[in-house]
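Visitor: In order, the protein sequence lines correspond to chains A and B. Its first residue numbered 106, the first sequence is counted upward by one per residue in my numbering. Its first residue numbered 11, the second sequence is counted upward by one per residue in my numbering.
One or more hints might be untrue.
A short, non-exhaustive set of chain A residues, derived as facing chain B with CB atoms under 7 Å [unchecked claim]:
| hint | residue |
| --- | --- |
| 1 | HIS134 |
| 2 | GLY147 |
| 3 | LEU148 |
| 4 | PHE150 |
| 5 | THR202 |
| 6 | PRO204 |
| 7 | SER205 |
| 8 | GLU207 |
| 9 | PHE210 |
| 10 | PRO212 |
| 11 | GLY213 |
The set of hints was computed from the structure by calculation and includes no laboratory data. Predicted model only: the values in this text are computed from it and were never measured. Idealized CB from N, CA, C, for every residue including glycine.
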Amino acid sequence: KAGVTQTPRYLIKTRGQQVTLSCSPISGHRSVSWYQQTPGQGLQFLFEYFSETQRNKGNFPGRFSGRQFSNSRSEMNVSTLELGDSALYLCASSLETDPSDEQFFGPGTRLTVL
Amino acid sequence: AQKVTQAQTEISVVEKEDVTLDCVYETRDTTYYLFWYKQPPSGELVFLIRRNSFDEQNEISGRYSWNFQKSTSSFNFTITASQVVDSAVYFCVFSGSARQLTFGSGTQLTVLP
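With the hints as constraints, model all of the structure from the sequences given.
Guide: Right, dumping it as structure tokens:
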């Protein structure tokens with residue numbers, strides 16, 4: 106069974122630009138969550154999607170948005186990039202949305218904002 | 011709001027030593043789940059163990075064991091006979107009613123040969 110895949114793996118952008126990251130969950134998983142990892146703030150929850158609906162959102166500005174498609178694949182978008190958005194963005198999938206569900210993580214997308 | 015504290019920032023041990031990683035959490039939830047994840051240098055988080063709030067029985071799984079004490083809100087994780095391949099960042103993680111994972115700051119474990 107293929108794991109969670111994320112594309113691209115590395116990305117370099119400049120301030121003010123926007124970026125779209127993609128995540129393909131494990132086959133059969135309907136929940137996709139996104140996390141941001143930085144040295145200063147650690148791992149922080151961005152949002153969760155289940156059956157194309159955003160179920161939960163972390164404390165991030167509206168520049169961060171996402172969506173989920175009918176095949177459970179998900180994208181997240183960051184508009185008007187700032188230097189502080191440089192981070193490793195991790196996607197995780199799980200079967201359902203139960204708090205007990207193990208989440209399977211992808212390798213991440215390393216975003217650098219110059 | 012939930013909070014997870016991992017006071018140990020870095021730990022170094024020599025191969026074959028046992029090592030315990032500490033984790034303390036805060037929550038008002040009555041039902042919740044605690045996890046340990048490992049992040050090797052490759053960056054991909056790997057699930058290790060899970061414990062729910064209503065089961066305080068401590069368990070052993072291979073070289074891993076964990077000690078969950080609800081009275082002290084602690085969920086410590088022990089690796090027995092550590093190996094170089096165990097070198098990674100270990101995260102204690104909380105999942106509760108808010109249905110979002112709350113991560114501790116992580117403990118960098120280095121196992122020296």
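Visitor: Next, verify each hint and record whether it holds.
Guide: Verification of the hints:
Because the smallest distance between the Cβ of HIS134 of chain A and any Cβ of chain B comes to about 14 Å, over 7 Å, the interface hint for this residue is violated. Residue-level restraint check for GLY147 of chain A holds (minimum Cβ-Cβ distance to chain B is 5 Å; threshold 7 Å). Checking LEU148 of chain A against chain B: minimum C-beta separation of about 4 Å stays under 7 Å; hint holds. About 4 Å separates the beta-carbon of PHE150 of chain A from the nearest beta-carbon of chain B, less than 7 Å, and the hint is met.
Taken as an interface hint, THR202 of chain A checks out: its beta carbon lies about 6 Å from the nearest beta carbon of chain B, inside 7 Å. The interface hint given for PRO204 of chain A holds, since its Cβ lies 4 Å from the closest Cβ of chain B, which is under the 7 Å cut-off. Given hint, SER205 of chain A at the interface with chain B, holds; its Cβ is 5 Å from that chain's nearest Cβ, closer than 7 Å. Of the supplied interface hints, the one on GLU207 of chain A holds, with its beta-carbon coming within about 5 Å of a beta-carbon of chain B, less than 7 Å.
The restraint placing PHE210 of chain A at the interface with chain B holds, with a minimum CB-CB distance near 4 Å, inside the 7 Å limit. Hint status for PRO212 of chain A relative to chain B: holds, with the closest Cβ pair at about 5 Å, below 7 Å. Annotation: GLY213 of chain A was flagged as interfacial toward chain B, and the flag holds, the nearest CB pair being 5 Å apart, inside 7 Å.
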